[in-house]
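Undergrad: For reference, the chains in residue letters:
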Amino acid sequence: MELLDHLALGFSTALSFNNLFYAFLGSVLGTLIGVLPGLGPLATISMLLPFTFGLDPLEALIMLAGIYYGAAYGGSTTAILVNLPGETSSVVTVIDGHQMARQGRAGVALATAALGSFFAGCVGTFILAAFAAPLTQLAFSFGPAEYFSLMAMGLVGAVSLASGPLIKSIGMIVLGLLLGLVGTDVASGAMRYTFGLPQLWDGIDFVVIAVGIFAFGEVITSLERKEIRDALSSPITRLWPSWQDFKDMAPAVLRGSAIGSLVGVLPGAGLSLASFFAYSLEKKTSRTPERFGKGAIQGVAGPEAANNAAAQTAFIPTLTLGIPGSATMALMLGAMIVHNIQPGPQVMTTNPTLFWGLIASMWIGNLMLVILNLPLVGIWVKLLSVPFRVLFPAIILFCCIGVYSVQNSIFDIYLAAGFGLFGYVLHKLHCEPAPLMLGFVLGPMIEENFRRALVLSKGDFSVFVTRPISAVLLAITAILLIMVAIPAIRSRRQEAFEE
Amino acid sequence: MRYLRSAIAAAAALLFSAAAHAEFPDKPVTLIVPFAAGGSNDILARHLGDGLSKIWGQPVVVNNMPGAGAAIGSAHVSKAAPDGYTLLIASVTFTMNPAVQPNLPFDPRKDFQPVAMLGQVPLVLVVGKALEAKTVQELVATAKKQELNYADSGLGTVNQFGAELFAQSAGITLTPVHYKGGSEAMTAVIGGHSDMFMSSMTQALPLIRGGQLRGLVVTGKERATVVPDIPTTDEAGIPGVDVQQWWGIMAPAGTPMDVVEKLNADINKVMSTEATKEFLARDAGRPTPMSVQEFSDLISAQLKKWPEVADKAGIKIE
Numbered sequence: 003m004e005l006l007d008h009l010a011l012g013f014s015t016a017l018s019f020n021n022l023f024y025a026f027l028g029s030v031l032g033t034l035i036g037v038l039p040g041l042g043p044l045a046t047i048s049m050l051l052p053f054t055f056g057l058d059p060l061e062a063l064i065m066l067a068g069i070y071y072g073a074a075y076g077g078s079t080t081a082i083l084v085n086l087p088g089e090t091s092s093v094v095t096v097i098d099g100h101q102m103a104r105q106g107r108a109g110v111a112l113a114t115a116a117l118g119s120f121f122a123g124c125v126g127t128f129i130l131a132a133f134a135a136p137l138t139q140l141a142f143s144f145g146p147a148e149y150f151s152l153m154a155m156g157l158v159g160a161v162s163l164a165s166g167p168l169i170k171s172i173g174m175i176v177l178g179l180l181l182g183l184v185g186t187d188v189a190s191g192a193m194r195y196t197f198g199l200p201q202l203w204d205g206i207d208f209v210v211i212a213v214g215i216f217a218f219g220e221v222i223t224s225l226e227r228k229e230i231r232d233a234l235s236s237p238i239t240r241l242w243p244s245w246q247d248f249k250d251m252a253p254a255v256l257r258g259s260a261i262g263s264l265v266g267v268l269p270g271a272g273l274s275l276a277s278f279f280a281y282s283l284e285k286k287t288s289r290t291p292e293r294f295g296k297g298a299i300q301g302v303a304g305p306e307a308a309n310n311a312a313a314q315t316a317f318i319p320t321l322t323l324g325i326p327g328s329a330t331m332a333l334m335l336g337a338m339i340v341h342n343i344q345p346g347p348q349v350m351t352t353n354p355t356l357f358w359g360l361i362a363s364m365w366i367g368n369l370m371l372v373i374l375n376l377p378l379v380g381i382w383v384k385l386l387s388v389p390f391r392v393l394f395p396a397i398i399l400f401c402c403i404g405v406y407s408v409q410n411s412i413f414d415i416y417l418a419a420g421f422g423l424f425g426y427v428l429h430k431l432h433c434e435p436a437p438l439m440l441g442f443v444l445g446p447m448i449e450e451n452f453r454r455a456l457v458l459s460k461g462d463f464s465v466f467v468t469r470p471i472s473a474v475l476l477a478i479t480a481i482l483l484i485m486v487a488i489p490a491i492r493s494r495r496q497e498a499f500e501e
Numbered sequence: 119m120r121y122l123r124s125a126i127a128a129a130a131a132l133l134f135s136a137a138a139h140a141e142f143p144d145k146p147v148t149l150i151v152p153f154a155a156g157g158s159n160d161i162l163a164r165h166l167g168d169g170l171s172k173i174w175g176q177p178v179v180v181n182n183m184p185g186a187g188a189a190i191g192s193a194h195v196s197k198a199a200p201d202g203y204t205l206l207i208a209s210v211t212f213t214m215n216p217a218v219q220p221n222l223p224f225d226p227r228k229d230f231q232p233v234a235m236l237g238q239v240p241l242v243l244v245v246g247k248a249l250e251a252k253t254v255q256e257l258v259a260t261a262k263k264q265e266l267n268y269a270d271s272g273l274g275t276v277n278q279f280g281a282e283l284f285a286q287s288a289g290i291t292l293t294p295v296h297y298k299g300g301s302e303a304m305t306a307v308i309g310g311h312s313d314m315f316m317s318s319m320t321q322a323l324p325l326i327r328g329g330q331l332r333g334l335v336v337t338g339k340e341r342a343t344v345v346p347d348i349p350t351t352d353e354a355g356i357p358g359v360d361v362q363q364w365w366g367i368m369a370p371a372g373t374p375m376d377v378v379e380k381l382n383a384d385i386n387k388v389m390s391t392e393a394t395k396e397f398l399a400r401d402a403g404r405p406t407p408m409s410v411q412e413f414s415d416l417i418s419a420q421l422k423k424w425p426e427v428a429d430k431a432g433i434k435i436e
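Just so you know, the sequences run in chain order A and B.
The first sequence runs 3 to 501 under this note's numbering.
The second sequence runs 119 to 436 under this note's numbering.
Everything labelled a hint here was simulated from the structure, so no lab data went into it.
Computed from a predicted structure; not experimentally measured.
One thing to keep in mind: the hints can contain errors.
Stated by the list, open to error - A few chain B residues that don't get close to chain A, going by computed Cβ distances all over 12 Å:
| # | residue |
| --- | --- |
| 1 | ASP144 |
| 2 | PRO184 |
| 3 | ILE190 |
| 4 | PRO226 |
| 5 | ALA251 |
| 6 | LYS262 |
| 7 | ASN267 |
| 8 | ILE290 |
| 9 | ILE417 |
To be verified - One-sided and incomplete, this derived list gives chain A residues near chain B with beta-carbon spacing under 8 Å:
| # | residue |
| --- | --- |
| 10 | SER48 |
| 11 | ASP204 |
| 12 | PRO326 |
Heads up, the beta-carbon is just placed ideally off N, CA and C, and yes, glycines get one too.
Okay, chain A solo, but in the shape it has when bound (with noise of 0.2 Å):
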């Protein structure tokens, strides 16, 4: 009974006036700054770090918690009434959410989004207070030959993202590799397609890409045709998910929130991946896959609980040793260095109160949100009736801010606009971009990971097949592969029979 005594200690403190006014300021200052078009959680976060500097320890660290929550959740708001991922998890949420949006269901992606993020957040604050430990280890079981199966999976997955034709989706993963490819190269130091820019050596950034694939492009697109115009500002047939929808997500819920609290564990990969392997289960188990990316309602609960589940799960890493699993993490241990808390394993020993109180604040800003949220629903989706040439200017402007944050660079708004263009031409073609968002996350990690599996192996490609969790993975992945050529396959074969 020692969790009860954990959990008693941790609601104890948490509990404390000063505690859940920090936790809603949290909430409230993420929600407001993550909903910006354009900026997601880790320049949310880092923009808002220093005025958590003159807080006590175990203060900042919940108001950064509720920051951290609050910019995810103004994220996936973003991506359903705007088309505009911020962080590389609400890709997914973009393709059925926008849609949802623009039949006039804003109303009910947002509350979908709210309902399964917390859900998934409890199940995830649970998770990670249960299971710290084991989970950790897990963790540590993934070297790089479990990394590389794990992501091949992720990518044969990707192919479901899109709902058109097999091989334009294809195209799509194998132009997202292809620009993963910019940037030195891990294991042998060398540039590639840098152009001898110093701007490009570490690479293109996810959200340069996503702004301006995504929100670029679908300004340019929207100028050119005023149906979309006309589409979007579709009367609101109703705020508040129907019985049907309730049915409709609760099993995606739960898929979601399973499948994210194991994947949000991995270092690094998690968080990405927790959002896709759910959009793509969810697609594959649907009795009516067709309507995916068509405005699905578990194409948006799914993959957002999974993304909340993975949030809380990510934190097992962080808090139990000390070793971030991504840029927001690694913020978030940066500032408990500057609260002089070292965060290592001993964390948990030395400072039971600030562990404890900080996982159960994450429950109780996860609480917080949805209260916060669910009424401020019917005011985002007044946003879309704010006219055009208000609205694109300012979606324009917070995304230049956005894309500067990141890396305070002028030549990365220059590269989004291109990228802007680019996005355009993709729309024109009838191009899905989700899978090459996905190609492009996941390739450069897929390389490093094979090669790095090589080297350890001295050259040895058994490895990929002798270490079971990996030999798993890739029957998974085989399957997979099977299940999608199939189809495709017995197409073909139709069409050559009719001729």
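Place chain B on chain A using the hints.
TA: Then chain B, alone, in the frame of chain A:
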């Protein structure tokens, strides 16, 4: 006529620099951190900035210009006006990058005037569950029998140079495995996927204390006060592993020497306070104030040394 003009110019320059000395700084000073906020460079820069602005009564603006492994921020400072108002916080990698990166957008030898050394912290060699070695001697013995590898946080990083210098001094060969950052490298060593990691003390300390990693040896001559029972490489009979993580301040080349000297004096003042000592000691660091000349000598010695280590170890961009 030409002589006269240059004489006037020289006189004006002297006058200007004398005035600069009397008043420096009479406007805000910008300290460029060539890394993202939250890292060791950033935290130290902010600490120094606080101290300096109290002495000067002028704000010190800390500006993060991350990217290209410090090259973007460094290039910015190398092209700034040489008046002491734009400074760079550089770290040991400043002297390592040119050894592996032939086309830097600046010349580390000619474009900078070294100003002040801030502090140093030794590296610590850690192993995880992949190895049974309890001491560095056992590790060296194992490495002579079988092929061992080390994790590093990228090609040409301080971790790789540290590991290679250690291997060369101990007379062993180690295979590098490159990871994308210190966190990834350390996770791999804890999980037993890689054999060892020449880590910064800051990163390894909590994990050594927590028992996830074993610290075998710290680099250099002096034991680190935070881990007093880990021997130094010199004590372990592997002399010459002279690599420390350090941070220093650089100005653009051509900055008037009296401004440089004043900066050096004021920075050393901040770095020698008790508050600073405590601040650095948290991560096993210690302030190591130097004169402008001493720091310049250290920079040129290291700029010469790392290409030699890289050559011997075969660290190069393919």
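Undergrad: When the hints from earlier in the document are held up against this structure, which numbers fail?
TA: Numbers 2, 3, 7 - these are the hints that the structure violates, sorted from lowest upward.
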